[in-house]
Every structure is written in C-alpha cells, then in structure tokens.
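Trainee: Mapping of the sequence shown onto our numbering: residues 1 to 305, in sequence order.
Think of the hints as simulated: they come from the structure by calculation, not from any bench. Note that the structure is a prediction, hence the values are computed from the model and not measured. Idealized CB from N, CA, C, for every residue including glycine. A few of these clues could be false.
[Said to hold, decoys possible] Straight-line Cα separation of at most 25 Å, SDA-like style, residue types lysine to any residue; simulated pairs:
#, residue 1, residue 2
1, K19, V50
2, K19, V126
3, K169, R236
4, K19, Q46
[Said to hold, decoys possible] DEER-style ranges, computed between Cβ atoms:
#, residue 1, residue 2, range
5, R139, S250, 29 to 37 Å
6, R49, V248, 46 to 54 Å
7, K169, F292, 34 to 42 Å
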Amino acid sequence: MITINIALCTCMRPNLLGKCLDSLAKMVIPDDSQVFVTVIDNDVNQTARVVVESRQQNFPLPLTYFVEDQRGIPLARNKAIAESHNLNADYLAFIDDDEWVDESWLVKLLAYALSVGGKAVISGAVKSELPANTPPYMREIFRDKDRKTGAVLSSCATNNVLIPSYVTKEMGLRFDESRPLAGGTDTLFFCEAVSRGVSIYKCAEAFVSEDVPASRLSLRWLSKRKYRVGITLAWRKRRNGRAISGIVLSSVAQLVLNGLLAVVATLLFQKMIMVKAVMKASRAAGTLSGVFGVEVDSYQTIDNS
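Could you put the whole structure together from the sequences, leaning on the hints where they help?
Mentor: Now the structure itself:
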C-alpha cells in the first residue's frame, strides 16, 4: 500500500481553496494506495478553517487542517512536510490552492513515478485558463512550455509535483525560511535536490488547471513576475559557484540586447516579440539586482482571493 499526502498551502483565498478541494473530492484514487489531503493555512485569522471543516464530514478522503501562523510560503511548505512525515507518507504532492485537478491527475502522476523507479521527483503540467477576450499574443505567452513526458528538469515548482519521502526524510531537504515572503524558494529547493543526485522528470499527462485573472494580462504584471524570476536565478547561479562578474556581464548584455529588440519590435508593430523581449529584459534586470542582494517580497500581497 502506497501512502500519498496531498498538501495545499493557502492564505486568505477561501473561494479558490474550496474549488480546489472540490476537484480533489472527485478525482480517481490510484489502486493500492491511501491518499490524505492536508491543508496548511498560512493565515493567523484561519480564514481557511471554515472551508475545510464544512467539507470534512462528507469528503471521500481524510482531510485535515493545520495552521502555520508565521507568514511565509516556505514555512507553510515545511509544515506540510512535517505533517506528511507524521502520516508516514511515501510521497508528498503539492498543488496550489488556486488550481483544480483533472480526475485522473493523481493516477497518472503516481503511475509515471513508479514507471521510472519511484525515486524521482515528478513535475506535472499546469494548464492556464484565460479570459475569453485574451488577445492571441497573450495566449501564446501563457501557453505551457510543452515539455514532453520524460523530459529531465533542472528544477521545478510546487504547483504540481510529487516528491518521494526520502528527499525530505533521509536527505533532510527543507524550503529556505530565511526569505519567508520571497518567491523562488521552491525553485531553490529542487535545485538543491538535483545537486544531491535526485532526478526530476516531467509528466505532461498529469495536469492541473488554473484560472488566470485579467489583472495578470498586462505587460506590467508579466515584467514584475520575470523580474522576480531573475532574482531567483541570481541566487541559483551564486549557489552554483558562478562568479559575480560573469553574472553581471551576462545580465547587462541580455538587458541591452532585449531592450533594443523591444524598441525595434514596437516600431514594427510586432506586439508579441516586443512583450517577450521586455520580459527577458526584466528577467535580466532581476538577475542583475539579485546579484547585489536585492529581494522582493512576492507574497506580501495576496493575489486573487
């Protein structure tokens, strides 16, 4: 019997959490498995409690609620790890509280994990559901990278992932709590896992979906997001031993080249090329800033509650 704990870390997004839990209640359970669902509420006011408790009695799986009252997504994730260990789970799955799962999501995720030996981290796919009036160039930007099943990854996110227990037990990996409100701690966690010999594979068939609010369909939002990605990239490069001078030169070159490309694309009315160039320039600016210690509290404001 394989035991799986599905963890949802949430903070002041009760409506989205409810939709996520309702999708988990309808999913198919893998044969010869026991599945738990654990909600970690990262809100001292416990806004998720009523969402969970209103579903517990009729929920088809053991559904438990815990509070991590110290704000910070890495602290909530580490709380999920601790509760998973208390359940003696063989696997810990993370999805985001604003997602909903396909009915066969867990079946496909576990089946692929076992097919590659059961010791690898498996990253599923995330499908973005965009507003009906989204322009074509923006749909292209939000389109999944289409990584094929079996692709080897250097890192991944916690928005759809299955982690074998030895990664957090025997290896003792945890999410970095030193920057509790910064983004990218999941990326760093999985980079560390890979550096210590853990494999990460893609499983495109095991997908979850997310609604993308109209507020994210702007160059301003995309640029800020890529800037934060760049800061995380700087941390990764420094951890991997890259010299500061090399990171700076590379970032400046990317910033200048993509800045020029954005200007040319604007003059030629090439909207998608312009947006992608600005995003790359923003990432380069973030990397440059990250090298010199700039941090951004990505989770200071809760998006789309």
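Trainee: Hints first: check each against the structure and report whether it holds.
Mentor: Going down the list of hints, with the structure as the test:
1. K19 <-> V50: Measuring from Cα to Cα gives roughly 14 Å; hence the hint holds.
2. K19 <-> V126: holds (16 Å)
3. K169 <-> R236: holds (23 Å)
4. K19 <-> Q46: Holds: K19 and Q46 sit about 18 Å apart, inside 25 Å.
5. R139 <-> S250: 29 to 37 Å: Given range 29 to 37 Å: holds, Cβ gap about 30 Å.
6. R49 <-> V248: 46 to 54 Å: 47 Å Cβ-Cβ, so the 46 to 54 Å window holds.
7. K169 <-> F292: 34 to 42 Å: Holds, since K169 and F292 (Cβ atoms, about 37 Å apart) stay within the stated range.
Hint compliance for this structure: no hint is broken.
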